[in-house]
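Q: Just so you know, we're using our numbering here: the sequence shown kicks off at 179 and counts up by one.
Bear in mind the hints are in silico, worked out from the structure with no lab data behind them. Please note: incorrect hints may appear among the correct ones.
DEER-style ranges, computed between Cβ atoms [claimed, not checked]:
#: 1; residue 1: D238; residue 2: R216; range: 10 to 20 Å
#: 2; residue 1: R317; residue 2: E270; range: 12 to 22 Å
#: 3; residue 1: S287; residue 2: P252; range: 19 to 29 Å
#: 4; residue 1: R317; residue 2: D238; range: 25 to 35 Å
#: 5; residue 1: R317; residue 2: G297; range: 35 to 45 Å
#: 6; residue 1: A322; residue 2: D238; range: 28 to 38 Å
#: 7; residue 1: P244; residue 2: E270; range: 18 to 28 Å
#: 8; residue 1: R265; residue 2: P314; range: 37 to 47 Å
Even for Gly, the Cβ is constructed at its ideal location relative to N, Cα and C.
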Amino acid sequence: MSTAARRFAVVSVIVPCRNEERYIARCLDSILASDYPRERLEVLVVDGQSDDRTRAILDDYVSRQPIIRVLDNPRRIQPVALNIGIRASRGEILLRMDAHVVYPPNYISELVAALERTGADSVGGVLITVPGNQTPIGRAIAIAMSHPFGVGNAY
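With these hints in hand, go ahead and build the complete structure from the sequences.
A: Shown next, in the form of structure tokens:
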């Protein structure tokens, strides 16, 4: 089926966050650079009362990007943030994405395609950990996290 004739599901991206001023802009930029049709996306950032510059950064994005909404998480814990995002979502498909991750442009479209192709209720991907800084410690942590014995990135 051609891309023009294809019906794209509405996707709600839920991003729980708290004090992510160092990472949230890169995360949102990567989501906004997605090859998935923007008119079929909504991005719900659920902020756990950040006390750094996260909220100011989010407010700037909201003023420029109508697909982004910020929701408050007064309890500050991630499971509550996810529930808040789920309740506020409008999408047929829900994606949980982390605030400190930079996603490739095809991330959302590949997950949606896997859901549609398999009929699964949930899909995920292989994690490739890239250190935030290129120190020996940062590289060692990235190697450990990417190993099947690290955090389970085995197939």
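Q: Confirm or reject each hint.
A: Tested hints:
no. : hint                      : result
1   : D238 <-> R216: 10 to 20 Å : holds (18 Å)
2   : R317 <-> E270: 12 to 22 Å : violated (40 Å)
3   : S287 <-> P252: 19 to 29 Å : violated (34 Å)
4   : R317 <-> D238: 25 to 35 Å : holds (32 Å)
5   : R317 <-> G297: 35 to 45 Å : holds (40 Å)
6   : A322 <-> D238: 28 to 38 Å : holds (35 Å)
7   : P244 <-> E270: 18 to 28 Å : holds (19 Å)
8   : R265 <-> P314: 37 to 47 Å : holds (44 Å)
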